[in-house]
Amino acid sequence: MARVFFYLIVGLFDHITCTYYVPNACHPNDVYPTRGFAPSCRYLCTSSGYVEERFYADGTFCFVRYSGDEAVRYLGFCLYGVCLPANIDPSGRLPHQWDGIYHVCPDKKISYGTVRNCTFICERQEQLYLPIQYYYGIYIETKCWLQDGKVGLCRSGFCYGMEYFQSTVKPQKPVVSQKPATPQKPSIPQGTVKPQRPVIPQSPIVPQRPQMPQVPQIPQIPQMPNLPKIPVKPQRTVKSTPSKNVP
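For reference, each letter of the sequence shown is one residue, going -19 to -1, 1 to 228 in mature numbering (1 follows the signal peptide of the UniProt record, and there is no 0).
No incorrect hints appear here.
Distance windows between CB atoms, simulated: (1) Thr15 to Trp79: 17 to 23 Å; (2) His77 to Ile121: 18 to 24 Å; (3) Cys103 to Tyr141: 22 to 28 Å; (4) Arg35 to Lys131: 41 to 47 Å; (5) Trp79 to Tyr31: 36 to 42 Å; (6) Asp70 to Arg105: 24 to 30 Å.
Capping the alpha-carbon separation at 27 Å, the derived lysine-lysine pairs in DSSO-like fashion look like this: (7) Lys90 to Lys131; (8) Lys131 to Lys89; (9) Lys124 to Lys90; (10) Lys89 to Lys124.
No lab work stands behind these hints: they were computed from the structure.
A virtual CB, placed ideally from N, CA and C, is assigned to each residue, including glycine.
With these hints in hand, go ahead and build the complete structure from the sequences.
Laid out in structure tokens, this is it:
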């Protein structure tokens, strides 16, 4: 029985030792120790028995809140111990501080008063010995203050002027004609060619006889050249003598 109690006590103290959180210890690489936003970019910690002020790592998500109000002034990031606002990029996309993993607080609707900003901060703590986590939420259908001092309305975490909601066009009544409309012939647009009737031939076309191929011509024989004329001398006439009979 004593051995059982010994193992039980050892197990409990071992669990407490492993999960114990030292809030004043300096964090390795000055990383914020929990999820969510950091309430400040500076913190006090104890190192080797000395208390010192250190900066959270550059790029740590942070927020700046109005004094005495849950409405947040802006969400930003740490740089050299200062929380700077995270603005919208040139393409119109929101910074990662507005991602859904940080939108943990339930949305609120306030029917009285006017809020300074349409975004607020809430706190969460998983265990009593763990640091507090900070997330954001948004006001919906709540009056808010614009930069020019006028009153607007919260929509999707941003404050819009009242003219934004009055710019919608009211539906108009359909116009009912007193007389029934007579059907009109459809007008042919300019530039279109009207279809023409086909031309019917009056008499059938007689097929023509095919032409006989021409007989090739016989090539002409070249003429002989004319020879020069040779002069002929006149010949002497031979007188004939009577023949004598030989006995």
